[in-house]
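Which chain is which? The protein sequence lines are R and P, in order. Last residue of the first sequence? That's 429 in this note's numbering, and every number before it is there in order. Last residue of the second sequence? That's 429 in this note's numbering, and every number before it is there in order.
Wrong hints could be hidden among the right ones.
[As the list claims (entries may be wrong)] With a Cα cut of at most 30 Å, we get these calculated DSS-like pairs of lysine-lysine: (1) R/K383 - P/K165; (2) P/K175 - P/K241; (3) P/K98 - P/K165; (4) P/K151 - R/K256; (5) R/K179 - R/K241; (6) P/K427 - P/K383; (7) R/K165 - R/K175; (8) R/K383 - P/K427; (9) R/K383 - R/K256; (10) R/K427 - P/K116; (11) P/K175 - P/K165.
If you're looking for bench data, these hints aren't it; they were derived computationally from the structure.
Protein chains: 2
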Amino acid sequence: MNAIIISIGDELILGQTVDTNAAWLSQQLSSLGITVREHITVGDDINAIVGQLRRAGGMPSALNNDAVEVVLVTGGLGPTDDDLTRHALAKVLETELKLHQPSLGRIEQFFVRLNKPMSQTNHVQAMIPCGCDVLENNVGTAPGITTQIGKTPVFFLPGVPAEMKVMFDESVKDKLRQKVSAGGAEKVCAYRTLHTYGAGESSIAEMLGDMMSRGRNPVVNCTAAHSIVSIRIISRGPDEKTARVLIEPVERELRKRLGTFIFGSDEDTLAGVVGGLLRRNGSTVAVAESCTGGLLAKELTDISGSSSYFMAGWVTYSNDAKVRFLQVNPEILERYGAVSEQVACELARNACRESQTDYALSITGIAGPTGGIAGPTGGAEGKPVGLVYIGLADRGGVEVVRNVFPGGRDCVRRRAVYSALNILRLKLL
Amino acid sequence: MNAIIISIGDELILGQTVDTNAAWLSQQLSSLGITVREHITVGDDINAIVGQLRRAGGMPSALNNDAVEVVLVTGGLGPTDDDLTRHALAKVLETELKLHQPSLGRIEQFFVRLNKPMSQTNHVQAMIPCGCDVLENNVGTAPGITTQIGKTPVFFLPGVPAEMKVMFDESVKDKLRQKVSAGGAEKVCAYRTLHTYGAGESSIAEMLGDMMSRGRNPVVNCTAAHSIVSIRIISRGPDEKTARVLIEPVERELRKRLGTFIFGSDEDTLAGVVGGLLRRNGSTVAVAESCTGGLLAKELTDISGSSSYFMAGWVTYSNDAKVRFLQVNPEILERYGAVSEQVACELARNACRESQTDYALSITGIAGPTGGIAGPTGGAEGKPVGLVYIGLADRGGVEVVRNVFPGGRDCVRRRAVYSALNILRLKLL
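So here's chain R without its partners, still in its complex pose (with noise of 0.2 Å):
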């Protein structure tokens, strides 16, 4: 069963808003077994929004011969000027938008409830292209609208995606699941995502091997971000049980061949699993950062509960806070330059001995300017761009990485950050 998702709205079209309710209606749709085909984004244009709808519905101008079973229009339903979807839809069925009373009085009884005077504006919102059924808002004053265009079910929703949601789960879902049903053979989706640290995506690709081929089952594919590689398997089948136990064999092959390249699946972040490491082991942390700015800090203290592990963080921006705060010899910081292997060690050791912690991070590098292009700021005597030093401290001793990473200023702050927690991660395990 094949679907396209239409979102419509002019801050869509124009970039101030970023559609998240394509991506959260996909993840509803291939959970239950609906494979989308596209999204398309048009603004708030009765023509464009006119010429979508026609072309979804398998109208003369569709653009192929694939056909659609159904689609999802998000957006429009308003109570403003812009909001024309509803006019759209009626100028596509040649039909006339009529007063639909019960509507009419659902959004007077919302407005009762937040005791606020209902707006003529939001009279329209009960205007709905004769023939069509609506879909009741639980949660705000639009109601949705499904009918057919051509032979193809169509569903609007609103646009704002708390009262998409909400209709969608109420309204929309189960019968899509009896669509399916219908349809016999259909295949449903499941989902498994691992996240690897340490190996680039083309070394993934090559210890995978013909595990990413196309037109498998379960299929594997990888995608990258500021070093982090996340590996996806997607397996298909007759229900969600069956589709899970696919899952099993390829992840075992996975975990088997990447090994502690892994650290978490689904939902897990790096500083959540280093977290969980350091909470198991009951140990602590503090970090000392310099051309980080905090970020360490920050990801680690994102954690909800990292008080019981994380103790404290300075963020030694100057050379005067290296020495003052944390005891850098003023000669070695002469020597050898505040991005030094000395400094990062010294920042690292100083770091664990103050806070009496079981382990102590250290970054020290150059960040470089916003944007990426090296120019006047950071990247002195012949160190690049880029070049970082972390240091890991314990009560055995310091170990410090070298490392030089691409990209601009923010890029490479994210990489010295999950690059240090991965040598903690490691050092954990």
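Chain R is fixed; fit chain P onto it per the hints.
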């Protein structure tokens, strides 16, 4: 001038990743005066990609007769088997992929800089359809591609947002600007965004009154994110200069009505504006954070060149760290708790004294658990989740402000940081 943006990737069509590229590119295009007609997303499916490229290029299967004058495509340029954009393009152009030696050299250099072996799979990223031009990638491995399909110029950019943005800025923006100025009679948009802190969206709407009515030129609208309300002025005119001139009286009126609520415009951030004020005054700052865990330091050091005014930060997460590194009186901690006016006061005063800076900010509060529902983490002693004290010390003394911020852990932390930055901004004005 009309544009279409095509995003490619199974992770998008499955809803596992939200497409932020299309929104970012839309903003860039509309500020150049180019009207984005549609966003289209398809999966890693060669037939789907070929279909969309043919359609966008105005070939016979096109949906409608509106000429599309430029197409931007993101994604599918990675090194793995599911990266099919370059193959789809070769098919549309009825040509072959050919090794582009300079690109291969750049990819090899990229791995040399990273001090990592290059994988054999990266070779494919240097394969370019014959007759196409290459867009250099200075941040990652995938070169971009530009060509014409039919008469329509098409630009292919990587899907990784950081790489895509740099490539757009370096290699696409100027080419588009030239096309627009050659285009003549089209309506050009000009934009101005004013960012405010300290007044809610509805208060701003009240202060603006009918300035926000639709159908005006310029149009004024606003969006809110973590208590920063941004007001956008969008004007249209026959050329950029005329459109810009229309903005001026509206901006003056907004500045008159909103005064110091406005902290900056366009690309300005609160941390950047505060940094600019510190630099102008020749002042320095230090921070002492508890619940925000490094986020305040991170925001201040996001700014390239911040080392001239940001001296040091302490993340005194544990009570012990507060006492040992910033000399908070243990009796005060005991009597009032870590989340108290008194502790915020000590943290700010002592950070200022220790770092010998002109100003020091402190934050102590209850960020609460992830997800936003009050639970066992935080929120004890009758102190609600979201309670945050912010201190500002200078050589004259300390002031502390009490807040209760709404939302989940991430939201409370962000709002606390913005509030602290704004307190310092108002002090520096």
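Outcome of the hint check:
1. At roughly 26 Å between alpha-carbon atoms, R/K383 and P/K165 fall within 30 Å of each other, so this suggested pair holds.
2. Among the hinted pairs, P/K175 with P/K241 is consistent with the structure: their alpha-carbon atoms are about 19 Å apart, no more than 30 Å.
3. Taking the CA atoms of P/K98 and P/K165, the gap is about 26 Å. The hint holds against a cut of 30 Å.
4. Under the criterion of a C-alpha separation no larger than 30 Å, the hint pairing P/K151 with R/K256 is inconsistent with the structure, at around 50 Å.
5. At most 30 Å may separate the alpha-carbon atoms for a hinted pair to count; R/K179 and R/K241 meet this at roughly 19 Å.
6. For a cut-off of 30 Å, the pair hint linking P/K427 to P/K383 stands: about 28 Å separates their Cα positions.
7. With a C-alpha separation of about 15 Å, the suggested pair R/K165 and R/K175 falls inside the 30 Å cut-off, and the hint holds.
8. For a cut-off of 30 Å, the pair hint linking R/K383 to P/K427 is broken: about 38 Å separates their Cα positions.
9. With a C-alpha separation of about 39 Å, the suggested pairing of R/K383 with R/K256 is violated against the 30 Å cut-off.
10. Pair hint R/K427 plus P/K116 holds up; C-alpha atoms about 22 Å apart against a cutoff of 30 Å.
11. Distance restraint check for P/K175 and P/K165: the Cα-Cα separation of roughly 15 Å lies within the 30 Å cut-off, and the hinted pair is therefore satisfied.
Violation of the numbered hints given earlier is confined to hints 4, 8 and 9; the remaining hints are satisfied by the structure.
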